[in-house]
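Q: Please arrange chains H, Y and X on chain S, whose structure you already have, making use of the hints.
If you're matching them up, the sequences are chains S, H, Y and X in order.
Position in the first sequence (from 1) plus 8 gives the number in our numbering.
Position in the second sequence (from 1) plus 8 gives the number in our numbering.
Position in the third sequence (from 1) plus 8 gives the number in our numbering.
Position in the fourth sequence (from 1) plus 8 gives the number in our numbering.
Treat the hints with care, as some may be off.
No distinction is drawn between identical chains; accordingly, a pair holds when it is met within one copy or between any pair of copies.
Derived pair list, reagent style EDC-like, types lysine to aspartate or glutamate, alpha-carbon separation capped at 20 Å [stated by the list, open to error]:
1) Lys192 - Glu324
2) Lys108 - Asp321
3) Lys330 - Glu270
4) Lys108 - Glu94
5) Lys108 - Glu270
6) Lys330 - Asp202
7) Lys192 - Asp169
8) Lys108 - Glu81
9) Lys206 - Asp266
10) Lys108 - Glu323
11) Lys192 - Asp173
12) Lys108 - Glu326
13) Lys55 - Glu69
Hints listed in this document are in silico derivations from the structure and should not be mistaken for laboratory results.
Remember, predicted model here, so these are calculated numbers, not experimental data.
Number of protein chains: 4
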Amino acid sequence: MSINSFGHVLRFTSWGESHGPSIGAVLDGVPPGLALSEGDIQPFLDKRRPGQSRFTTQRQEPDQVRILSGVYEGRTTGTALSLLIENTDQRSKDYSDIAKRFRPGHADYTYLAKYGHRDPRGGGRSSARETAMRVAAGAVARKILGAGVVIHGGLVEMGGDAIDDAALDWDEVDQNPFFCPDAKAAQRWAERLDAVRKSGDSLGAVIAVEAHGVPAGWGAPIYGKLDSDLAAAMMSINAAKGVEIGAGFEAARLSGADNADEMRMGPDGHPRFLSNHAGGILGGISSGQPVCCKIAIKPTSSILIPRQTITSDGEEVEIITKGRHDPCVGIRGVPVAEAMLALVLADHMMLHRAQCG
Amino acid sequence: MSINSFGHVLRFTSWGESHGPSIGAVLDGVPPGLALSEGDIQPFLDKRRPGQSRFTTQRQEPDQVRILSGVYEGRTTGTALSLLIENTDQRSKDYSDIAKRFRPGHADYTYLAKYGHRDPRGGGRSSARETAMRVAAGAVARKILGAGVVIHGGLVEMGGDAIDDAALDWDEVDQNPFFCPDAKAAQRWAERLDAVRKSGDSLGAVIAVEAHGVPAGWGAPIYGKLDSDLAAAMMSINAAKGVEIGAGFEAARLSGADNADEMRMGPDGHPRFLSNHAGGILGGISSGQPVCCKIAIKPTSSILIPRQTITSDGEEVEIITKGRHDPCVGIRGVPVAEAMLALVLADHMMLHRAQCG
Amino acid sequence: MSINSFGHVLRFTSWGESHGPSIGAVLDGVPPGLALSEGDIQPFLDKRRPGQSRFTTQRQEPDQVRILSGVYEGRTTGTALSLLIENTDQRSKDYSDIAKRFRPGHADYTYLAKYGHRDPRGGGRSSARETAMRVAAGAVARKILGAGVVIHGGLVEMGGDAIDDAALDWDEVDQNPFFCPDAKAAQRWAERLDAVRKSGDSLGAVIAVEAHGVPAGWGAPIYGKLDSDLAAAMMSINAAKGVEIGAGFEAARLSGADNADEMRMGPDGHPRFLSNHAGGILGGISSGQPVCCKIAIKPTSSILIPRQTITSDGEEVEIITKGRHDPCVGIRGVPVAEAMLALVLADHMMLHRAQCG
Amino acid sequence: MSINSFGHVLRFTSWGESHGPSIGAVLDGVPPGLALSEGDIQPFLDKRRPGQSRFTTQRQEPDQVRILSGVYEGRTTGTALSLLIENTDQRSKDYSDIAKRFRPGHADYTYLAKYGHRDPRGGGRSSARETAMRVAAGAVARKILGAGVVIHGGLVEMGGDAIDDAALDWDEVDQNPFFCPDAKAAQRWAERLDAVRKSGDSLGAVIAVEAHGVPAGWGAPIYGKLDSDLAAAMMSINAAKGVEIGAGFEAARLSGADNADEMRMGPDGHPRFLSNHAGGILGGISSGQPVCCKIAIKPTSSILIPRQTITSDGEEVEIITKGRHDPCVGIRGVPVAEAMLALVLADHMMLHRAQCG
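Bound-form chain S, shown alone:
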């Protein structure tokens, strides 16, 4: 089963807690001969790294990744790739208070119910810190996919304020602290999130990720569906509460005639779809159109506004969660969702090769 693993033939296993000595991952099944160094991974980690703007947690982590195995003389060997990041800014403090109070929206209550025991330091295993390893592995997955597959990701909605699809500009994403593909929305969001942050509250968001250049034929019918695996991957991201492929819930509101992605021959002599409600996946298999996915991220549960809760002793109390938190955890979810998309695609590229040569 491997409850900390993901993938079919490209298999990703992560380990580590927010406030332990380090976090890490093993990526198994990486094809041999790929040029790979820490320098290929670091830029993606830097993009996710906390403390880069006032809109993300002030925890300072350099997040320097080390490759401990699977690479020799700058090339992957085909053996297991071990990736490790030291935790450097895990503040030592007394957790006895937090350890007893169940923070609403956190896994405190359920971990205790399951394991009868848990690591309360910074959320332990349930901390979003684990996602750094996904980003690192995602960088390797991009290498496997090669330059032909281009992945975009951004925040397309914050606190209910959605950007206009027509305004979507992927080049804008790196120009603002929200990975927002719409400059005007980014401005609106900055003002709004400043106010929310000061009030001690938080906002939810919607992430969009797309992969261009995926050939038709990746995926599988029924249970190894590309969309089924994407849904699992995206829903495994901390705070994710919803996943859409293509038009998603909007498709459920269209008629069959309107939802149909009609086909013509393109000027290049290749099939061409006239729309992409399907999000690039038909019957679990890629269609050659961009693979498109949206993820709903709930507002950060760690807020300064007092909420009612109970303790593990059954006492009714109020709780506010001090500490270093993202006022909109969806922002840093963008590089994570991109990484998951890359991992799922690379896995299916390899699966396809296994079966169809």
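A: Relative to the frame of chain S, chains H, Y and X by itself:
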């Protein structure tokens, strides 16, 4: 990998095509000693069975399930359970026409791109007929879960017409042909779907499923998350384009303060949540609240309204898809989604037992 | 986990009991486009079929295999292949006697200990009848491997009487009822086994299987080792108690200098090994030499010589096992071991393709 | 697939090369609440540690294990356990010579054939150094099994000189440098191995491992068989060429009457077997008797006696393998085989719990 399988320790593998001699499934890992006969499975199949109202396909399939292994003297033996349903109403006809034209929204194009060859009879493996086996396996999963876990499912939106959450009445579900938990909405939908059906078009829908009685502690952090597995399960249903856990995309529009499910002690001395935006899952683990999931189902792609497409020879043509189709495939998706919920929960019940005793 | 499955990307799942209505298997991950019909599978089943000589069980089973899915117009579609064989000669009788007495060497006691309940009819799931499905799946695996990989199998030892390696002649295998690659040994064994059969006793045997034409490079280091997977596959055959790769236990008696398979360049300009103590596998990966494996098969536990045992009520009794049994179950194990070799190799061929292109 | 992983629900993944910065493993699925510290693991590593006698490699590695995740305040949390050992004595040298010559019996040739590229430093991933992580994980598996299951291991044959089964004394194992359960044999072996070592040659060996206290009922029929999993586990150990369960190949030489493990009621009112040819496993499921397994380990391939080989350029050359090697690698294989036995048993204990409660 097993691209036709699902589950960790309770492992479901299905096989069969729409117009082959039969369809079937193997359910592996079933606990021994459970009372089980075809009679326990058949009622769920009957609920999903086509041809029961004018709103579903007119294909006539008795869908009589046979248990071929894994049961002895009325009890499960702990060995692999084999389930089989004969196809009886697969009409013999000439598929050469369909085989060449890619039906928009169908897997015709992608199967051909992947496999270079496909079974065009009634959609072959991509037909919703496969879901009969999920329903059969789901009935066994309910046995594993026991009477303490109660699963509800219904259609809560059709063609954009959503029912009021306040009107939700699970007892109503079996009183109308839509599994609609709101009698008034069912009336509106009947009129609407009649018109749509006559026009040769189709409608999308949203399914809601809930499990009551799930104890706190099932699931796992990170990749074997209960919500991640549910997302994969639901997105693997034919025509599914979106999945939400709890408040889903609505959670992304709430503030952290509003989204928090606060806790108090109940009058029975047990913890009590004051709301359930989380859908009964926190950090991938069940919280003891109802596990709630919604699934967006796109409108049936097989419609009588001409759509533009191409043939496998690259010819630009128009297509209408005659035959026996559901004007709203979401309706018959309800028992399928219930079955997937039961399968995921039973799997996690067993996984939890493996690790936590 | 799937306790009734085998394989990484070519995944085999079997189901069925000796005296149930039928037995079957699902083979998942089969490449598309392979020419395949029942006629490709049947000859291998015929080879394993009981009742062909006085040295095997007199149960009469035509073992006619049916392909229920995954093939269209004579070619594999890439979707799950379902194979089914009806049980026709399962004699109806009263099992209450057997059901209580634990037959020594059988799984009666352990099944009851595990499941608290079992199907005693003909051994239920633990019957060697399940191996018919392995043989059927192995025939498909051979198709995947293609004509370049040639598999041989035979009995090289019976009741301690081993054939001389120098006398090994694969063409002889089909000329005697033992799959013995040495005509003289076959004669000796016939006399011996006749006597043993009449005395109501049974003999053990050693099976050898070889695959020629496997290219260097299939397999994986550490846990997905070709030899590790072969060991699991062979040890999963009923009555198997030992597995050797290459020189096996004999290698443990050689010095490093003697055990070394030295290399030279062959006249064809390709590397050539001067011996094959390694059995064609180095570090878990095929070397291009024949892949060689031996399997120890214990003597049939069902004998007519009274043995001491107990009942499920704790009563001390004697038992003889009447019925239709193989006096040397190793004989019919030969096509099974060949099939397992084919399945493991085809799986690793596909795995290799996934990772190394 | 996960080619560097092992286990069903207790999942072990290792990584690292002989001469990389470190080696490590992730153990996933560990039950929560177990008391665990580095001190519980270290004694087992010390037992396997090189350089402890003149009969093992002179490489000096302290093999200090660190637990990087999954333990909080001295107890397992139920989340992934990360284990790491720094490599400290990896000598820097020029590998260009070795890199070209294929050492007979090593994976040099097959790794290159598979990956087209490899890490030649000390054997890279194919080095027995990886087994340190198995030993570490095995120590955790023992914790999961609890004190009721006692594991013994020893060398029962070296260079063809086997100990008398009657002389087997597990208390003797820690009194000699061979883990030999027979003091007299240990003396003979010391003289012999000294001579072999000085001649630059090496010897093979046979390891025996036993688990006492395993209750009846662990394992599964057909593919998740306890013996099938043990065979895979043992054959995955470096240099293993054969595996036997119970009487193994000797069983193939017995008659059915002689091989039968007869049963009586014990004086304690429990079933009692009169012999254990089955090695504690019937039909893939533990019988309550000691689980017994033997493993053939080939002689170390790294010897100082010149052997013929070729280079990657196709040049015919001679090779001797200098460096720090074990003259009988079977010795240090003992704690590794014990660890694999513990891992397989703990996995099956948990699997049994999943299905049978």
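Q: Could you run down the list of hints and mark each one as holding or not?
A: Tested hints:
1. When the C-alpha separation of Lys192 and Glu324 is checked against a cutoff of 20 Å, the pair qualifies neither within a copy, at 44 Å, nor between copies, at 41 Å.
2. When the C-alpha separation of Lys108 and Asp321 is checked against a cutoff of 20 Å, the pair qualifies only within one copy, where the shortest distance is 8 Å, while the shortest distance between copies is 52 Å.
3. Proximity of Lys330 to Glu270 under the C-alpha cut-off of 20 Å is restricted to the inter-copy arrangement: shortest distance 17 Å between copies versus 53 Å within a copy.
4. Taking the shortest Cα distances, Lys108 and Glu94 never come within 20 Å of each other, neither inside one copy (28 Å) nor across copies (37 Å).
5. With identical chains, the CA atoms of Lys108 and Glu270 are at most 20 Å apart between copies only, with a shortest distance of 15 Å across copies and 57 Å within one.
6. Within a single copy, Lys330 and Asp202 get their C-alpha atoms as close as 17 Å, which meets the 20 Å cut-off; across copies the closest is 56 Å, which misses it.
7. In this assembly of identical chains, the alpha carbons of Lys192 and Asp169 lie at most 20 Å apart only when taken from the same copy (12 Å versus 33 Å across copies).
8. Taking the shortest Cα distances, Lys108 and Glu81 sit within 20 Å of each other only across copies (16 Å), while inside one copy they are farther apart (50 Å).
9. With identical chains, the CA atoms of Lys206 and Asp266 are at most 20 Å apart between copies only, with a shortest distance of 16 Å across copies and 44 Å within one.
10. Taking the shortest alpha-carbon separations for Lys108 and Glu323, only the intra-copy value of 10 Å comes in at or below 20 Å, while the best inter-copy value is 56 Å.
11. For the identical chains of this complex, Lys192 and Asp173 are intra-copy neighbours only, at 13 Å inside a copy versus 35 Å across copies, given an alpha-carbon limit of 20 Å.
12. With identical chains, the CA atoms of Lys108 and Glu326 are at most 20 Å apart within one copy only, with a shortest distance of 12 Å there and 62 Å across copies.
13. Taking the shortest alpha-carbon separations for Lys55 and Glu69, only the intra-copy value of 12 Å comes in at or below 20 Å, while the best inter-copy value is 39 Å.
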